[in-house]
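Protein chains in written order, with UniProt numbering: chain D, 1 to 251; chain Y, 1 to 535.
In short, the hints are calculated from the structure, not lab data. Do not rely on the hints blindly, as some may be mistaken.
If we take Cβ atoms under 10 Å as the criterion, some of the chain D residues that face chain Y in the derived model are [what the hints assert, rightly or not]:
(1) Val-20
(2) Gly-54
(3) Leu-55
(4) Ala-60
(5) Gly-87
(6) Arg-89
(7) Pro-111
(8) Asp-123
(9) Leu-134
(10) Arg-157
(11) His-195
(12) Val-199
(13) Thr-229
(14) Ala-233
Note that the Cβ used here is the ideal one computed from N, Cα and C, for glycine as well.
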Amino acid sequence: MTVDSAFALQGLVKTFDGKVAVDGVDLAVPAGSFFGLLGPNGAGKTTTLSMAVGLLRPDAGRALVLGHDVWHDPVRAKSLIGVMPDGVRLFDRLDGTELLTYQGLLRGMAPEVIDARVTELLDVLALTDAGRTLVVDYSAGMKKKIALACALLHAPRLLVLDEPFEAVDPVSGATIRDILTRYVAGGGTVIFSSHVLEVVERLCSHVAIMAAGRIRTVGTLDEVRGQRTLEEAFVEVVGGRTATGAELSWL
Amino acid sequence: MALTFARLKLRVLRNGFRGRSTKVVMFVLGLVGAVVYGGFAALAAAAAVASDSPAAAALVPAFGGAALVLGWLFLPLVWFGVDETLEPGRFALLPLPRRDLVRGLLVAALLGVPAAATLLASSGLAIGAALRGGPLPGLVAALGVLLGLLLCVVLSRAVTSAFSRALRARRTRDLAAVLLAVLAASLGPIQLMITNSAQHVGTGRLVAVADVLGWTPLAAPYVVGVDALDGRWAAAGARLALTVLTILLLMWWWAGSLESAMLAAPGGGGAVRTRAASGTPVARFLGARRPRTQYGALVARELKYWGRDVRRRASLITFAVIAVFLPVVTNLGSQGGQGAVAQNVHGFSMVIVGALAGLGIANQFGYDGTAYAAHVVTGVPGRIELRARVVAYSWIIVPILAALAVLNAVLREDLSLLPVMAGTLFAAYGTGLACATHVSVWAAYALPENQNPFAVNTGSGMVKSLLAMAAWLAGMVLALPVLLLVLFGGAVGAALALPAGLAYAVAAVWLGVVTAGDVLDHRQPELLAAITPRN
């Protein structure tokens, strides 16, 4: 294990009902990198990230956070990462302030620190206006933002975000991008999954492309895309049909 | 159109079983149970109608039918839940006339084990009528049986749908709760009246009661066979018309609440706001005295959830209703009894209710659904998690139980019984909690993420009932030492009942939380997978 990997996945495998979802994923995320995990729907991105943060038990393989094994030393490892899972509900019968406070207390943070950070986070993410509305009544974009705030609250060294830009409007998206860029500039490491290639191209220093449960390409952004655009590189790596124009003529 | 719904329901059922052997086993067990009980009931009904005793022919269809209809009315609310395999909200975008939708959903609801068991049981009435009077009365009775089944199914759908709507809305939820409580509590006096009259006034009065019942929708469809046998064709026709009218009214009511269920945003409960409170975020969340720790946060969140989550509210209300109803009936009913057992019926009823109270947390993680992922990601220790949940639940339940003990002691007109009752009650609550804690860790199941707090996924109604039964039984058995102390301990036992019961309860809960907590530490991801709904 080299020290400059903030996050290392080694040989992760997961099979659901005989169907292989993740087929041996190895990944080393350098400390201080802004890492984009790309892949088409069903490539196994969410499954991989879930196994990496302790939400889903892998059939084989290891996940190391700054040298701590997520499955053997969970307490230490989990305290170092902030996670924003996708397709998972929040404790949405709380309002925004309550949810963040709850998250902070679960993380064992000091009350004064929680008070200060909760107010500031809600302010920066423009969620203060929501006031005492329950999170269940938030819009999709607001839910993403409050979930991000939950992941950021304890100032982790590593952020694992599953689809952070999905269903987010441009203004909120810009806010999230700003926060994440500043976080990386301050020495943090971010890995996030996405299929919004423009965002990845704009933000990421490193990129990995996943398809059918395996990592197909990995490297710095320039290594992966070479002389092409990222989109061309993506389509070439993943493979897929291109429209000929003849089908769907009845539309 | 109705046929399409039927095929859809069967297809969803079959796909739900794919690759899940436990589910199939549970389903088959349920089926066997339904056939056995339904078959016995059918035999009894046929024998009663075909017999020469006019009393039996008058009583069995009326009371049996009324029991059946009332069962369909209450059991889904208090115990089984409704199988919303075809959730109405999913059809919101399809261009379906409301009439077709209601008809389709009704057909889908008819395809199930409970409906089949009901049909089997009540078919005895038609068989009996045919045996005694030939094909024509048999045919009339069969028509009654079919209409009766339709009535049962429509009634249960309409009522659960209306209740879930009322429980969702803040404004009406308390009203709905009270209504449910009154309805269920009123069953007690009725049952009492019947048993008392059976004992004291003989069959003559009972036949009169049956006669009245026969003219209400409760029993009307089930007594037409006897009418036909006796040649009262006009009465039979009137009763059938009454049944049809009731069914139509119920369908109209159901359609109305369906519409609102389809329009409501999934998962939402209207723009609800938390109450305004001053202070910093932590002070506001925890209040003044709760410790500023993981444990304090968990307790505070659980308490908020028991108040804000519709499902949890529904389960609390249901428990409160049963808890008041059950011991009150046994205590009132057993006053004339003799002997040690009859004298101590209250002890048994306390054990039953106490253990039942513990069951409230048997699927506590299922209530949270995927939100539980936040605890997995933070790595909340199992013992702390379970201790907080048990304590928060007890903050709500223990006052109810204490009030219950007082109420029953007052009803027995003997306040010296209070420590005995409270002792057994809390002992059973403790053992019930301990069992339910383990069930919640080992056998959690996903609840559908929709609006109806009574909805369960296909097949899990059965699983739910069996597991809950097992935990309930285990809780009662484990509480036996305290009950035995009370029963055979004489004056010493009575004096020791309360402290011994409390100590026993605390010990049981501590043991349950510690053992289940250690299990939970190793099962967090599996538990999360178990409570994640498969879409």
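Review point. Taking each numbered hint in turn, which are not upheld by the structure, reported in ascending numerical order?
Key: 1, 4, 8, 10, 11, 12, 13 and 14
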